[in-house]
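Please build the complex by placing chain B on the supplied structure of chain A, with the hints as guidance.
Same order as they appear, the protein sequences are chains A and B. According to this note's numbering, the first sequence is numbered sequentially starting from 1. According to this note's numbering, the second sequence is numbered sequentially starting from 1.
Think of the hints as simulated: they come from the structure by calculation, not from any bench. These figures come from a predicted structure and were not determined experimentally. Treat the hints with care, as some may be off.
As the list claims (entries may be wrong) - So the derived label-pair ranges between C-beta atoms look like this:
1) B:S65 to A:K99: 39 to 45 Å
2) B:A80 to A:S8: 35 to 41 Å
3) A:R17 to B:R30: 47 to 53 Å
4) A:K5 to B:R30: 29 to 35 Å
5) B:R111 to A:A70: 33 to 39 Å
6) B:T5 to A:R61: 26 to 32 Å
7) A:K5 to B:S55: 36 to 42 Å
8) A:L11 to B:T16: 29 to 35 Å
9) B:G100 to A:G60: 19 to 25 Å
10) B:H77 to A:I18: 45 to 51 Å
For every residue, glycine included, the Cβ atom is placed at its ideal position computed from N, Cα and C.
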Amino acid sequence: DQQVKQNSPSLSVQEGRISILNCDYTNSMFDYFLWYKKYPAEGPTFLISISSIKDKNEDGRFTVFLNKSAKHLSLHIVPSQPGDSAVYFCAATQNRDDKIIFGKGTRLHILP
Amino acid sequence: DTEVTQTPKHLVMGMTNKKSLKCEQHMGHRAMYWYKQKAKKPPELMFVYSYEKLSINESVPSRFSPECPNSSLLNLHLHALQPEDSALYLCASSQVQHSGANVLTFGAGSRLTVL
Chain A
1 DQQVKQNSPS LSVQEGRISI LNCDYTNSMF DYFLWYKKYP AEGPTFLISI SSIKDKNEDG
61 RFTVFLNKSA KHLSLHIVPS QPGDSAVYFC AATQNRDDKI IFGKGTRLHI LP
Chain B
1 DTEVTQTPKH LVMGMTNKKS LKCEQHMGHR AMYWYKQKAK KPPELMFVYS YEKLSINESV
61 PSRFSPECPN SSLLNLHLHA LQPEDSALYL CASSQVQHSG ANVLTFGAGS RLTVL
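Looking at chain B on its own, in the form it has when it is part of the complex:
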């Protein structure tokens, strides 16, 4: 299995809702990531988990709460979001290759719309 699977593909939520995005990989990669991407912008790093521990939090608002239940799963819990949080949320995992480069494998993304 060489994929990162994200669910749901699309999510519409109100500002008072609580929802979660889920991500799964079975490649044995030690690091998992959440990125946010808005139209015509690059992916922006939100969180990194390395060996199931949160290693990077890019000053993300607390209405986004990551969780890594085990080495294959990564969740992003969403609560009290704002319309400007509408974006494509990308999950990725990574492993250092033979070349020495740390290469990301991305999922297809979850398209979030906040009303």
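Chain A with its partners taken away, still in its complex shape:
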């Protein structure tokens, strides 16, 4: 049973526009959510996190929104740039547990 779900396998966005990547989760005990970005032939790299006690966290062009009642989070990238083309993984963890659960990922294509 998938505890972290990314239902869109891919997304195409025009350069300069906003990219919105979505993630749903089932475990209400998760207390931290993280986004990772992965280029081909490289390991995932950490982008941004959010604690379950917040509903928004911003870092430069990246903003993560958390809706606890809907068990939903989203990553907004604005403006989108060509270097943002990658696979984005949503991840969640509980009580600073070392067991970090990943979603299946969404491939983002930034179109020129």
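Structure of chain B alone, referenced to chain A:
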């Protein structure tokens, strides 16, 4: 040094071979991980070492044997693997950040092919 280094980058082995994957970090992180990733799938947790002790084993078959010789090194010993074990094996280390989030730093991975 802010990297996790994995060797080899690519490995091809037969089902009767014994080989090892190696991972190294010098960031002083207390936890080290092995993940397995197959195409179009998320990384799947295999093992976690915390302060050099095995803290999580996700029911991984015994043909995979982890070893943590010291706080900077993590090995994955491979023996009698099956073709379905072919995958990208990712090593990571982690540290709890100021925000409270436990953030993983991944290596580039070792691409394993079992013939």
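Here's how the hints hold up against the structure:
no.: 1; hint: B:S65 to A:K99: 39 to 45 Å; in the structure: violated (20 Å)
no.: 2; hint: B:A80 to A:S8: 35 to 41 Å; in the structure: holds (39 Å)
no.: 3; hint: A:R17 to B:R30: 47 to 53 Å; in the structure: violated (41 Å)
no.: 4; hint: A:K5 to B:R30: 29 to 35 Å; in the structure: holds (30 Å)
no.: 5; hint: B:R111 to A:A70: 33 to 39 Å; in the structure: holds (38 Å)
no.: 6; hint: B:T5 to A:R61: 26 to 32 Å; in the structure: holds (29 Å)
no.: 7; hint: A:K5 to B:S55: 36 to 42 Å; in the structure: violated (26 Å)
no.: 8; hint: A:L11 to B:T16: 29 to 35 Å; in the structure: violated (44 Å)
no.: 9; hint: B:G100 to A:G60: 19 to 25 Å; in the structure: holds (20 Å)
no.: 10; hint: B:H77 to A:I18: 45 to 51 Å; in the structure: holds (46 Å)
Checked against the numbered hints above, the structure violates hints 1, 3, 7 and 8; every other hint is satisfied.
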